[in-house]
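Chemist: Sequence:
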Amino acid sequence: MRSATLSTSPVALLYPGDRATRDRSDPAASRFAPLFEAFAAAGMAAAPAVYHDDFAEEVEAQLRGVRVVLVWCNPIEGGRRRDRLDAMLRRLAAAGTVVSAHPDAILKLGTKDVLFDTRDLPFGSDVQRVDSLAQLERELPARLRIGARVLKQHRGQSGAGIWRVELADADSSPPLLRVRHAQRGSEEERLALPALLDKLAPYFDPANGGHMIDQAWQPRLVDGMVRAYLVEDRVAGFGHQAINALFPASPGQPAPQPGPRLYHGPELPAFQGLRRRLETEWVELLRARVGLPREQLPLLWDCDFLFGERGPDGDERFVLCEINASSVAPFPPSAIVPMVAAVRARLERA
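If you count the sequence shown from 1, position 48 lands on 48 in the UniProt record's numbering, and the numbers rise without skipping.
Check before you lean on any hint, since a few could be wrong.
As the list claims (entries may be wrong) - Computed spacing ranges between beta-carbons, pair by pair:
(1) 54 with 132: 22 to 28 Å
(2) 79 with 185: 14 to 20 Å
(3) 78 with 173: 41 to 47 Å
(4) 120 with 206: 24 to 30 Å
(5) 143 with 276: 29 to 35 Å
(6) 269 with 289: 26 to 32 Å
(7) 173 with 251: 43 to 49 Å
(8) 194 with 56: 39 to 45 Å
Derived by calculation from the structure, the hints in this document are not laboratory data.
All C-beta atoms, glycine included, are put in the ideal place defined by N, C-alpha and C.
Could you put the whole structure together from the sequences, leaning on the hints where they help?
Modeler: Pasting the structure below:
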């Protein structure tokens, strides 16, 4: 596949890479090769915009005049935050470029604060916001007497900063806790509360968001996690992962390794109820609650749901676990055609 130049391309795909990757800028060698091919088949040239802070000004100069920029970049990439990238994307958006996901949309959807903001909506759960270590020390023991909790840092990815905490021995002084980090390779620990507070202290630094979100543990995690992929307000596919990062271990056994996420199209029968709720009600409720303008709905995003306790009528209940909007990849092949169509519609409206 020949690479389109940004000067002749209405669409750019921005993703991280080093200098050599940028100099090569080969769509066929990127993980987005099928998406580049789909844009070409639809008659819309799409160009790679490989990004790194070290050559941010070069990328910005190339993106001036591009009409749509689709962005894939984690909140923390190679030890660097997105601050410089987000400032660049805001400048491009202010000049008229469609940026997806816009940094403001990510802040409203893609941080763990969305769990607190939507706690009373149909997909919400028992969620508390914790603004200091002192507040955590004061409030967590009482909540743990009711059941396990999951503490989540403000913003991150790949399980970093997500901790399952449960009472192991309520009679010890201080109480002994079972603690497990969701980051791959982590093992369960037994800690007293002061030791847990030491581990969590960095998340309360202002640079790391200054607070944590405390969500009640969902016992049906053993039934897996469902990821709904959306193009704007339409479900474009599903991912189902049977064993994920905090899957409980069998007695006396180490925690099982996370299993693969299996991808499916939007017609998967098992999740049509979830699809219907998202498309007819939940996306609009979510958008209105966080104050996100309709035109800022990402061109690709996803919502992770846990299985909640069934209602009296036996209907399946889904509980929001997190939303990903900054770097949604991989994604099911069924999302490609709707995404290309949505980009075309944005171009036509512009």
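Chemist: Starting from the hint list further up, note which numbers the structure goes against and sort them upward.
Modeler: 1, 7
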